[in-house]
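Model the placement of chain B on the given structure of chain A, informed by the hints.
Protein chains in written order, with this note's numbering: chain A, 2 to 267; chain B, 23 to 155.
Read the hints as simulated data drawn from the structure, not as lab findings.
Please note: incorrect hints may appear among the correct ones.
[Unchecked claim] Straight-line C-alpha distance at most 30 Å; calculated DSBU-like pairs for lysine-lysine:
no.	chain 1	residue 1	chain 2	residue 2
1	B	Lys87	A	Lys232
2	A	Lys263	B	Lys63
3	B	Lys142	A	Lys201
4	B	Lys142	B	Lys122
5	B	Lys63	A	Lys49
6	B	Lys87	A	Lys223
7	B	Lys122	A	Lys258
8	A	Lys239	B	Lys122
9	B	Lys87	A	Lys263
10	A	Lys258	B	Lys151
11	B	Lys122	A	Lys31
12	A	Lys222	B	Lys142
13	A	Lys104	B	Lys122
14	A	Lys201	B	Lys151
15	A	Lys256	B	Lys87
16	B	Lys122	B	Lys87
17	A	Lys222	A	Lys209
18	B	Lys151	A	Lys239
19	A	Lys49	B	Lys135
20	A	Lys18	A	Lys104
21	A	Lys222	A	Lys247
22	A	Lys181	B	Lys142
23	A	Lys49	B	Lys142
24	A	Lys104	B	Lys142
25	B	Lys151	B	Lys87
26	B	Lys63	A	Lys239
27	A	Lys104	B	Lys87
28	B	Lys87	A	Lys209
29	A	Lys181	A	Lys209
30	A	Lys263	B	Lys142
31	A	Lys227	A	Lys201
32	B	Lys142	A	Lys31
33	A	Lys256	A	Lys201
34	A	Lys227	B	Lys122
35	A	Lys263	A	Lys222
36	A	Lys209	B	Lys135
37	B	Lys122	A	Lys223
All of these numbers come straight from a predicted model, not from anything done at the bench.
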Amino acid sequence: MTEAYSNPFQALLNEFKTLSPETSNALIFKNNGEPVANTQATTEDQTKTLIANFGNIALQSQALGGVECLTIQAADSQLNITVIGNLYLATVSSRAANQEIIKSLTQVVVPTVARLVDQLASSPLKNQPQQTLQINTSDSEETVLPLEEEKPNIEPIPEPQPPFEAFLPKTPVNQFMVEKIGGLLVQADIVRIDNEIIAKWSDLYDGKQITMVNIEALDGKKTTCKFRAIKEAKANAKGIIQLPEKILQTLQTEKGKLVMVKPVIE
Amino acid sequence: MKQKTHVEISTEPLESAPVISVGEDNSVFSSLAASLSEIRKLNGVIGYILRNNTSAIIDLTEQEKITEWAILSSQIFESSNEIANQFHLADIESLLVEGKYVKVLCMSLGDNKIGIFMEKTATHAWMIKRILL
Chain A
2 MTEAYSNPFQ ALLNEFKTLS PETSNALIFK NNGEPVANTQ ATTEDQTKTL
52 IANFGNIALQ SQALGGVECL TIQAADSQLN ITVIGNLYLA TVSSRAANQE
102 IIKSLTQVVV PTVARLVDQL ASSPLKNQPQ QTLQINTSDS EETVLPLEEE
152 KPNIEPIPEP QPPFEAFLPK TPVNQFMVEK IGGLLVQADI VRIDNEIIAK
202 WSDLYDGKQI TMVNIEALDG KKTTCKFRAI KEAKANAKGI IQLPEKILQT
252 LQTEKGKLVM VKPVIE
Chain B
23 MKQKTHVEIS TEPLESAPVI SVGEDNSVFS SLAASLSEIR KLNGVIGYIL
73 RNNTSAIIDL TEQEKITEWA ILSSQIFESS NEIANQFHLA DIESLLVEGK
123 YVKVLCMSLG DNKIGIFMEK TATHAWMIKR ILL
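This is chain A alone, in the form it adopts within the complex (with noise of 0.2 Å):
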């Protein structure tokens, strides 16, 4: 992440404190975890903890469709957490703080400068200075082309699209229970899964085909591996995965225990 990227953003924060005196804690993250500016106030430890225990909180919100907002309302203050695009933006204020300024700085304002610098971070040459075309005014006797012929040929840049638009919907991350598959038809390198999830799934790609899933087990060890959806339409194939043995190995997991599945988006 560059400072430019990160700069507006910190001046912004660094305004919260004029704007809104009540809010005692503002923190911007990437949704993957990354901060990207945050109030004078907050220490790294309390922003290692938040971002780690909402993480923690995301991880297992995929029944609320991801999480879009959190806010902890404590007797005299309130933490909150809202989505803006691939951002979060935290801010701790007191409860007496005038709600209508802050609403304007979490969902207007920061908004609007994420937008901004989104914009600018996607179309680069457009923030470079413009090259200068030297012409050469030697007195020999070259034949000396027209201006227009020499101008580079410069392609116009497209409008950049809105970059809320643009994102791809975070990657959802299901929770299985593992049942265990075999036979001589198994292949050993792909899995099954219940096939609604995987309509889910579908349906927040646009239908992009999606192939492969990450597959973790509670104790954090990993596969990628094919999949498939479970053939019997059996109401109890809900919230179940069936991994062949070589995969049950490969993570160390057993029947009835829990994995967490997410596709692989190319």
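Just chain B now, kept in the frame of chain A:
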């Protein structure tokens, strides 16, 4: 289909283990259960989980999501608590996690932990008041 499960967990404490007194807690639990069954009837409310150290009531429309939502509400309590400690937020009143389609309101009253699942359009503010009454 609506699934209502009332689980009474009885434990046989070890001789050395502290004995949990449930007398007063149970009255709070019963009172919360009554409030939640009222809240459950509201439009947009998908269900709730109420639990303490000895009892649990789970009333959720989607039976297949019981485990998923129980894990989620538990994670919300645990992670929010750590965040709150780090930012010195005292006396947590409520926790709200909003997803794309559904939101969950979590509250903790003593040992009793509540998770109310509802559609995003449902109004949660007065539920907090109702429970804190």
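> Broken hints, numbered, in rising order?
Replying inline: 2, 5, 10, 12, 14, 18, 22, 27 and 36
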